[in-house]
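Asker: If you want the building blocks of each chain, they are given just below.
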Amino acid sequence: MPEPKPSADLWRSFLKPGRGQLVVGAMLCITALLVVWTIRSQAAKPDYSNLRRSELVQLLDNLTAETRRLESEVRELTTTRDELRSGVAGAKEADDEASRRLDRLKILAGTVPAHGPGVRIVIQDPQSKVTPELLLEALEEMRDAGGEVIEFNDAARVTTGTWIGRDAAGKISVDGVALSAPYRLEVIGDPATLETGARFRGGLVSQVEGSNVQGQVTISQESDVRIDSLAQAEKPRFARPK
Amino acid sequence: MSILTELAEGALEPEYRTTTAPRRSPVRFAVAVTLATALIVVAMLATLRSDVADERSDLATRAKEAEERRDSLSQEVATLDAEIRLLQRSQIQDSGVAADVFALEAQIGGAEVTGPGLVITANDAPSGSGNGKGVIFDSDLSRLINGLWEAGAEAIAINGHRVSTLTPIRSAGSAITVDYVSISPPYQIEAIGDPSVLPSRLARTQAGSWWQYIHDNYGIGFEVFASTKDLQLPGDPGMTLRKAES
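Those protein sequence lines, which keep their order, are chains A and B. Per the working numbering, the first sequence runs over residues 1 to 242. Per the working numbering, the second sequence runs over residues 1 to 246.
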């Protein structure tokens, strides 16, 4: 446009854009479309889009391990069921299976010692900053990583109803048993998975070694962890089996 | 006049017209458009097909699939487990063992139980309130469960999932998982125990005061009801041990 024009001319040139203006306009339009499309496709992604890559890998690892565990469980259970159903097993077999089941239940209830592969975790707490909540998180992490039998400081066996709190003197206690630092966790399960679980970002190791607690964690993978402490199995007074 | 006209017309050198005339060379124009298009296409491909994004979405898809597979497997385990328990109950000769199995299973969370207790409903704060802190985290829930055990609960379920010693309460993405299954708010926690003392004992625990605090300050829903009516809690399916032996 060679020279300034009055407003009527301006209006006309707005209605009759040059080729260059048309191209720029079209490109802006396409760019805007792309931006909107990209944002929408990001937003439409499923649950995991806000996870980091490392977290996704960890999640997938856990899922795969859990799936594998379940698959072999399904195989075993199917065999057991078929035997029981066909009656070939016989009464003796049924009794044996029942007592194997009872043994397993006793381990879970914490009324017998147990051993197996696993990890030993030692938490140094020089400034007494470890809280019951931190240990509870650690316990959930171990359960998440497939921990089967867990014990604190060779003294407190973890079972279904285990709680972590403080005793009257302010010491951390597990099911009412007072613990003193260093805190030691012994866990039976897959050693590598358990260690990964504890080292997960934001997990036990980063919590304890962070600036709040300034403690130290050592984890050793063991081929045989022995857990000898026992839980007192109290008879339920209100919960009745059906 | 003719001189003036000549002066006016000749004021501009002929070269001026050729250099300032709009350059409408079709070749240049085509090149410009092609370049711009190429740029946009590259940008688009980079967004859609970048290795990182690709790998991430691939991982996310695989995680989703693995999750579905796991859920259907746990369902299968639960069905098989229930079937086996029924078959066994009818076949076991040794009644002592049978009675022990029956009682222990219920106690550790592996089988259905019934009894009085309390029901807690917990919910995220309505959006817009609570300064963005009105969301319940996995750690809040596990703390509450911890407090319930401390208060003397004998059996607990969250949104119908029984909590046993093999039940992790964690988070995956934005959702809380109980026993690896995602649950969403509102959360309903059922606990069997003495209904006359359970609520007051819970209120005296650290967990009780923490929940009262987040209820008062962040608008998180937290209501505790004693239930004298019997609650029905399912069993935690597939409580098996892979590594541990006695």
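Because the hints were derived from the structure by calculation, they are not lab data. Think of the CB as a built atom: it goes at the ideal place given N, C-alpha and C, for glycine as much as any other residue. Check each hint, because a few of them may be wrong.
One-sided excerpt, in silico: chain B residues whose CB lies under 7 Å from chain A [claimed, not checked]:
#1 82
#2 88
#3 119
#4 123
#5 216
#6 244
Asker: Take the hints in turn and mark each one as holding or not.
Answerer: Structure-based check of all given hints:
Taken as an interface hint, residue 82 of chain B does not check out: its beta carbon lies about 10 Å from the nearest beta carbon of chain A, beyond 7 Å. Checking residue 88 of chain B against chain A by beta carbon gives a least distance of about 6 Å; that is within 7 Å, so the hint holds. With its C-beta approaching chain A no nearer than about 14 Å, residue 119 of chain B sits outside the 7 Å limit, and its interface hint is violated. Because the smallest distance between the Cβ of residue 123 of chain B and any Cβ of chain A comes to about 20 Å, over 7 Å, the interface hint for this residue is violated.
Taking 7 Å as the C-beta contact cut-off toward chain A, the hint placing residue 216 of chain B at the interface is violated, the least distance being around 19 Å. Taken as an interface hint, residue 244 of chain B checks out: its beta carbon lies about 4 Å from the nearest beta carbon of chain A, inside 7 Å.
In summary, the structure is inconsistent with hints 1, 3, 4 and 5 from the numbered list given earlier, while agreeing with the others.
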